[in-house]
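A.B. asks: Below are the chains, spelled out letter by letter.
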Amino acid sequence: MRLSYHWMLLAPVLIPAGGSVLLLLLDALLPRLGRTHWLIAAGLLLAGAASCVPGLLVSAGTSRGTLCLADGSCLYVLDRIGVGLQLTALVSGGVIALLAFPIRVPAERAAVQATLVLAATSGAAGVVAARDLGSWLVMLELATLPAIALVALRARTAAVDGALALLTTSLVSFAITVMGVALWFAATGSAFFTGAAVLHAAQSPDTHRILVLAVVFIVAGLAFKLSLAPFHAWTPEAFGGASAPVAGFLAVTSKVAALAALLVIFRGVIALGTSALVAIGVLAAFSMTLGNLMALRERSALRFLAWSTVSQAGWVVLPLAAVSARADRSAALYLVVYAVATLVAFVVVTALAHADGREHATQLASYGGLLRRRPLLALALTLALLTLMGLPPAVIGLVAKVAAIGPVAGGRLWALAIVAAINAMLGVAVYLRWLRLLFGARQEPERAGALHPVHRGLVIVGAGALVVFSVVPQSLLQIVGR
Amino acid sequence: MTALLVAPLAPVVAGLALVVADRGRRPVSRHTAYAVALAAALVALLASVLVVRDRPVLDRQWVPQIGMRLHLAVDGISVPLLLMTAAVGVLVVVHARHEEPEGGTPATFFGCLLLVIGGGIATFLVQDAISFFLAFEVVLVPMWVLIGRFGDARDPRERARAANTFVLYTVLGSTLMLVGILTMTFAAGTSDLAGIAAHRLPPGEQTAVAAILLLGLGIKVPMWPLHSWLPRAHTIAPTAGSMLLAAVLLKMGTYGVLRLVIAPLPQGVERLAPYVGTLAVIGILWGGLVCLVERNLKRLVAWSSVAHMGFVLLGLMSGTEIGIQAALYANIAHGVISALLFAVVGGLKHRWGGDDLQVVRRSLRDVSPRLSIVLVIGFTASMGLPGLAGFWGEVLAIFGAWTPGGDRSTVWFRVLAAVASIGAVVAAGYALRVLRTVWQGAAEGGTPPVAEPDGDARGGEWVVTAVLGAAAVALGVAPIVLLHATSGAVAHLMAVTGR
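Here the protein sequences line up with chains B and F, keeping their order. In terms of numbering that gives the first Met the number 0, the first sequence opens at residue 0 and continues consecutively. In terms of numbering that gives the first Met the number 0, the second sequence opens at residue 0 and continues consecutively.
Treat the hints as calculated values from the structure; they're not laboratory data. Hints are supplied without guarantee of correctness; some may be wrong.
[To be verified] FRET-style restraints, in silico, Cβ to Cβ: (1) GLY23/F to GLU445/B: 24 to 30 Å; (2) SER58/B to PHE398/F: 44 to 50 Å; (3) SER474/B to ALA34/F: 32 to 38 Å; (4) GLN362/B to TYR274/F: 21 to 27 Å; (5) GLN362/B to ARG156/F: 19 to 25 Å; (6) LEU38/B to GLY23/F: 48 to 54 Å; (7) ASP154/F to SER299/B: 26 to 32 Å.
For glycine and all other residues, C-beta sits at the position ideal for the given N, C-alpha and C.
Model the full structure from these sequences, guided by the hints.
C.D. replies: Now the structure itself:
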């Protein structure tokens, strides 16, 4: 068997993957490097992101493949949406590495953590382009498993509890996904996720039934990773236990991986018609409602963001409930906007946790009067929350909301659209809770430190990015094509 | 061409600049904030006048990913609303200088006012359904700040509740509207308002989409029974906020009904018209009856808004040219009258330290002759006295409903018209009740009036209320000017929907 290689296409996956090996070697040679590992990891991830940029110049309709077999089918295919998702995963991984840099941890742990972030991000970048069952599964798990260790490595009881919750659900979801993949293979007789294989299987009623079952299994397995209700139970535990940057990693980079994996399936399944997609609509509706209702009562900032992730995950998959050629782009678009806003929120929480102490920053009540105490952080957080609400002045959030509801309304799914509208309202109620605190009475921490320069820089860049994206929405949206 | 962009952007940019600059080390001074706000509002008014005179069109690609275009233009339907919004914007800024509420810095207050004005102007300029939704949403957060932070200082808890009720109701309404917009956009393949209106959905779908849109816009209008956010928000909001809420935000709802429901979905509207018309008439009666017993003066004016918007909806649902003309007229009339009433009543509340009608006070005509004149003009216009602004809109709406267009049931609409006339009688009842208590005063033949030095309207307040009072008279005396301005566009609309 001969394979063709196109190194430039593979670079976004290979750079972080090779980088994680490099970091381990470096740690063996120079054991005292400590937190510098984070800087190297961030550099590698941003280099990987830079290697995606040539892909953005390719016109929207085309997709490029490599690792192609003799019969012309390729194991690694990257279209315009894929490039955008890879870029999002790598940039978010890089931001997380930079966020983690100032945080003091035992020297030997930094190298391991940085390695894990690199490995998981490379998995996220890889699953975007994986087109065959084997590499899809491997990449998906590569994106998930290191995250468990990342949560556990904080080495507090809460962290271990969170990691355990994550581990158990990961194993279950892995089992379910593998089952689904096996059924897929049984139904289609093909090791590829292609529309042609699906159409072939759909012709006979027996294989059609198995295929639908396979899709349901795979969607359920991925729902764990996307934290869609009712498969979300690990999310608040893991977020609450993990350190703030790691929680950010779970909220952003892991979600990019999970949605990318879902899109790989979706492109094949769209040939099948509605029956399998109803499941996604139900999950979306349930997820956004539950996430919002729980967030309304939450008092811890990290767990609040966890519930917000649950409800936003519902919004991300909402467009996929409609059979529409644009649904995948809409989902990717929403995810990218969600990723930027959530990342900014986590940057603010981390920066505050580093300056004022974690106990302070993880309580929602401590954000009282932040606008007067730390105007920069409060402004960035305000923009992030407004984006998640989808209200101007954060126009980019509104654009994402329009994109998410578009395919559903276009597909005449009235019930789902009305559930989404009610959840848009609930979402506003949720984020207004936090927003109101920022303007409210001042809460002083026990010890107030200065912001770390790296954190300050990230906050400024994040807030600036949200402003620019709101003024010129295309600047962000074009990374998933038009 | 530039005027099209300047009209909405001048207030929005100036507003954002004021709010952001206020977060710096030193807050912006009162005078600077006022000067910037007044300049921005005047620029917007000037630009709007230029737009109305030259009728330019701007049509560009904006955010292709969601099919949003930057398409700005005006026609006969939007011209009066645009001018009223811009003019009321200037008056509101002038009035806000006179009565600045506590709760925050002046720059934030003026900034939020400007953002609401800019959003209102943008709503009446855009010709693209998705940017219409965007303009709709622009006003939400600033209005939330205006109610939640600058509202009635006495009751923080009620303030937060009113602000949240307002924002949650409105977000639900506008997202439902978005669902309807996107359905039509997908079906028509364009988000242009004219393109949407030209594409006809099948009748069953028209009914479904019209129902969703009317539900969403009904919250904004507000239509009974979706109105409950309005009295609460008005009672708490600062005077300037109430004026904007009544004169600008409610108009966005009825304008949306005309553009997004009546123009593109004629068959759906025809199916739903009897139901919506019934709800509108219930709103007229309900609002009027509440006003008869309401003790809180500001809330009373808010309830009267519910009744007046009922007439607007009834006119819109009649399906006749005269009905739609009446709705547009009543829209403007209500904008002027309610802005006037909120300015006066807000001033009274400020002076009295409360607005309970049960408290025995000296008659207003003795204490504040100027305020008492504009109060009389406002309430007589509100009850629909001929010769004042309120009369034409209501009479023509009832007239339109008497001979409904299309396949609407004539009998039912005549019943609705009859009940609406009873509502107009109730309006006379509550207007006279207020005038008897406030204008005439409870102290009949009692102690001789003593001149109070600071009791009357002066400066900004007098200018604002006098201009609005004059406008209410002018609209009533010469209704033909406004009716003429809208007739061409309405005739065109009827011709298009009649196909």
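A.B. asks: Checking against the hints above, which ones are violated?
C.D. replies: 2, 4, 6
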